[in-house]
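**Student:** With the hints as your guide, set chain D onto chain R.
2 protein chains.
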Amino acid sequence: MRGAILARYRIETCLPLEQVAETLAGEQSSGTFLPVPGETEALKAQARAKVLRIDPLEVVDQPSLPGGRQPRGGAEFAKFHRAEITLEFPLANLGANLPTLVATVCGNLYELSDHTGCKLLDLDLPPAFGEKYPGPQFSVAGTRKLAGVHDRPILGTIVKPSVGFTPEQTAELVRELGEAGIDFIKDDELQANGPSCSLRERVAAVMRVINTLADRTGKKVMYAFNITDDLDAMLRHHDTVCAAGGTCVMVSLHSVGLPGLLELRRHSAIPIHGHRNGWGMYARHPFLGVEYTAWQKLWRLAGADHLHVNGLQNKFWESDDSVVRSIQACRTPMFRPDDTAMPVVSSGQWGGQAPETYRRTGTTDLMYVAGGGILAHPMGPAAGLRALQQAWQAAVEGIPLAEHATTHPELMATIHRFGGSR
Amino acid sequence: MRGAILARYRIETCLPLEQVAETLAGEQSSGTFLPVPGETEALKAQARAKVLRIDPLEVVDQPSLPGGRQPRGGAEFAKFHRAEITLEFPLANLGANLPTLVATVCGNLYELSDHTGCKLLDLDLPPAFGEKYPGPQFSVAGTRKLAGVHDRPILGTIVKPSVGFTPEQTAELVRELGEAGIDFIKDDELQANGPSCSLRERVAAVMRVINTLADRTGKKVMYAFNITDDLDAMLRHHDTVCAAGGTCVMVSLHSVGLPGLLELRRHSAIPIHGHRNGWGMYARHPFLGVEYTAWQKLWRLAGADHLHVNGLQNKFWESDDSVVRSIQACRTPMFRPDDTAMPVVSSGQWGGQAPETYRRTGTTDLMYVAGGGILAHPMGPAAGLRALQQAWQAAVEGIPLAEHATTHPELMATIHRFGGSR
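Residue numbers (this note's numbering), protein chains in the order written: chain R, 589 to 1010; chain D, 589 to 1010.
Pulled out of the complex, with its shape left as it was, chain R reads as follows (with noise of 0.2 Å):
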């Protein structure tokens, strides 16, 4: 099997950075620390990871990360060089094969005291991938049809209070908001089945609302429960989804791994929503774990049709940069041209973020989900949503959100509420 796999890094060492960059290369492939009888020549040629770039960045007094090798001369001496370096695995190592490349390119590297900091960045993967694994079931074009929401951006909430409704109050909520006109509703990810609101008792209660409103409406809200659980009660969980109507799911991404989304895509007849919690671990700090750009590709191959990409100006750590790069990444194609996810922007968002949002990434594709930017608007949820809709609408035809607000009072009041909150 040829072709190969580039992985880049960002790396941090008071080493030379060709030793270390070959030494990341060896650990992830052939390389042993001690000379092997089996490690030949010939051996190397076909199964070595070879090192294609590296590009220095700034040197720095201090190590990001406790472990590191003692430097020669002396701690009181060193420097700590940062690079960015892309390795090339070969592909007859593993295969196309997504749990094996994780161990491959996100492995045992990160344990090496030759570098004082280590983040996979991007992931270049050959066709073999796109070949073997099955990408997003719906995607963009598919989740606006079952949405029934074209040429502006899916508008959503979050259930909150996170836990503690029961499947009635839930459904209530739903009532509510569904009244409302909302596009999109989600369970929080605490909120999966837990024994004061079992999956199937606030299936059965959201869908009876739902399916009236539909009825009634002609627009089926979209509801994505957390079918988050182990895996045959997860596949369950989605059938009894189905059966009751109901149009997406969603799964906490690191809970259930990425063979345990893989079935569940393989079995799903709806789209399937992505929730990335905890993934603060894997990318708050610069110098340790995985990237946006190269996580989300391991998750859309896997399945994911939607996925989380925090929002702008919002309420956790991450950067706008880093949430526009996030939008983006999402977006771009990796082996055909749908096979894109939808970008879900969330986090303290209430619409003031919308003109910025669409400034800086130029779409509509997106899930634009407010919690309490609706839930808690001073006239409540109905007018919230519509709030939310007016700052899209301002946003995608130019016009200064506080011009548009003077005549449209939900905006209004939404900027007097939430406008200096931050």
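Since the hints were derived computationally from the structure, they do not count as laboratory data. These numbers were taken from a predicted model, which means no experiment stands behind them. Hints should not be assumed to be uniformly reliable.
The calculated EDC-like cross-link candidates involving lysine to aspartate or glutamate, where the alpha carbons are at most 20 Å apart (straight line), are [said to hold, decoys possible]:
| hint | chain 1 | residue 1 | chain 2 | residue 2 |
| --- | --- | --- | --- | --- |
| 1 | R | Lys807 | R | Asp739 |
| 2 | D | Lys808 | D | Glu767 |
| 3 | R | Lys632 | D | Asp926 |
| 4 | D | Lys632 | R | Glu760 |
| 5 | D | Lys632 | R | Glu606 |
| 6 | R | Lys632 | D | Glu756 |
| 7 | R | Lys667 | R | Glu606 |
| 8 | D | Lys720 | R | Glu756 |
| 9 | R | Lys720 | D | Asp820 |
| 10 | D | Lys720 | D | Asp926 |
**Tutor:** Relative to chain R, chain D alone:
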């Protein structure tokens, strides 16, 4: 459903510790950033996580992670307070559910800008988890029985080079090691089911050697075949291993995920060897991720029989203290005496670490895995293995290695070869 889940964290923040602890508790239970109508006192009393303890630690001048909120009074006056905190989550929010537990105790909380560091240290789970999840099927006793090794560590090695060998070359190495009397051999995590060395052909070639040897000597080498793959393939690989008479399968835990491991556990007829590659990402930063103590509880509940713990004086970044804590964690029962995992000691091991390993852990219930330490022994792999046996005998009997070496030439050679390398 009554009961609670306790989660202990190490945090760092420039805000008041009590406030941040409450924010974490709220974010991961019923709290919302903005008050919403449904968050009643009754709901909070039932669903909100509680702050049980706050134990302040040191105060530092620089934040551990970027993205923290701007401190009041400006960055130049900021102090960053560290603490250990314990949160109590109502079991009724999620039930005994491993995937949702992950989303709850190591989900979005890493994202919060209220802190500049957050690491999950330990979990205390209520009995409902022990009732729902199977735990290890073989653990120490079952593994010892299958390997036929008692009263000393199970001594093993890793096939090296990690990738590049054909099935026949792998089998040839297994023959050499098996004839030398080795107990255990494992695939490298990079060697799964690649086109150059498919699992099926490797199992056939290796088990032919192992079975022939067992017929002759009565001792069957335990070989951990790396069956990491998509779920259906993984279960099929397991059956291939069993059909050929194999006695162990290995998976890369982060590659298959908790639901993937659980499916394998429910299907499996032989011990599951859990490889932790990628774990450096969880562990290397003291204020980000998950400590081993918490981490290993999740994988044991889902069924791992063996868990990698690194080794003393290892080639990686980790301290001996951390490795010792990991060994103790694996050996501490959770819900029943036999739900421990067998610690797999590896990384740069050559026997010289045996006395200190035994002194600090007081146990031989270990798998002790040496790669180069056996395969690169100057007198060959068989002598490398005898040297390991001699080192452990000396360790347990309290004889200094150098003294034992005077009457054991293989140990003497190993000390000369590897003793000065650190």
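**Student:** Look at each hint and say if it fits the structure.
**Tutor:** Structure-based check of all given hints:
Of the supplied pair hints, the one linking Lys807 (chain R) and Asp739 (chain R) holds, its CA atoms being roughly 16 Å apart against a limit of 20 Å. With a C-alpha separation of about 11 Å, the suggested pairing of Lys808 (chain D) with Glu767 (chain D) holds against the 20 Å cut-off. With a CA separation close to 44 Å, the supplied pair Lys632 (chain R) and Asp926 (chain D) exceeds the 20 Å bound. This hinted pair checks out: Lys632 (chain D) and Glu760 (chain R) have alpha carbons roughly 19 Å apart, not beyond 20 Å.
At roughly 56 Å between alpha-carbon atoms, Lys632 (chain D) and Glu606 (chain R) are farther apart than 20 Å, so this suggested pair is violated. Annotation: proposed proximity of Lys632 (chain R) to Glu756 (chain D) holds, straight-line Cα distance about 17 Å (limit 20 Å). Annotation: proposed proximity of Lys667 (chain R) to Glu606 (chain R) holds, straight-line Cα distance about 15 Å (limit 20 Å). Proposed proximity of Lys720 (chain D) and Glu756 (chain R) is contradicted: the alpha carbons are some 27 Å apart, above 20 Å.
Distance check on the hinted pair: Lys720 (chain R) and Asp820 (chain D) sit about 14 Å apart at the alpha-carbon level, within 20 Å; holds. At roughly 16 Å between alpha-carbon atoms, Lys720 (chain D) and Asp926 (chain D) fall within 20 Å of each other, so this suggested pair holds.
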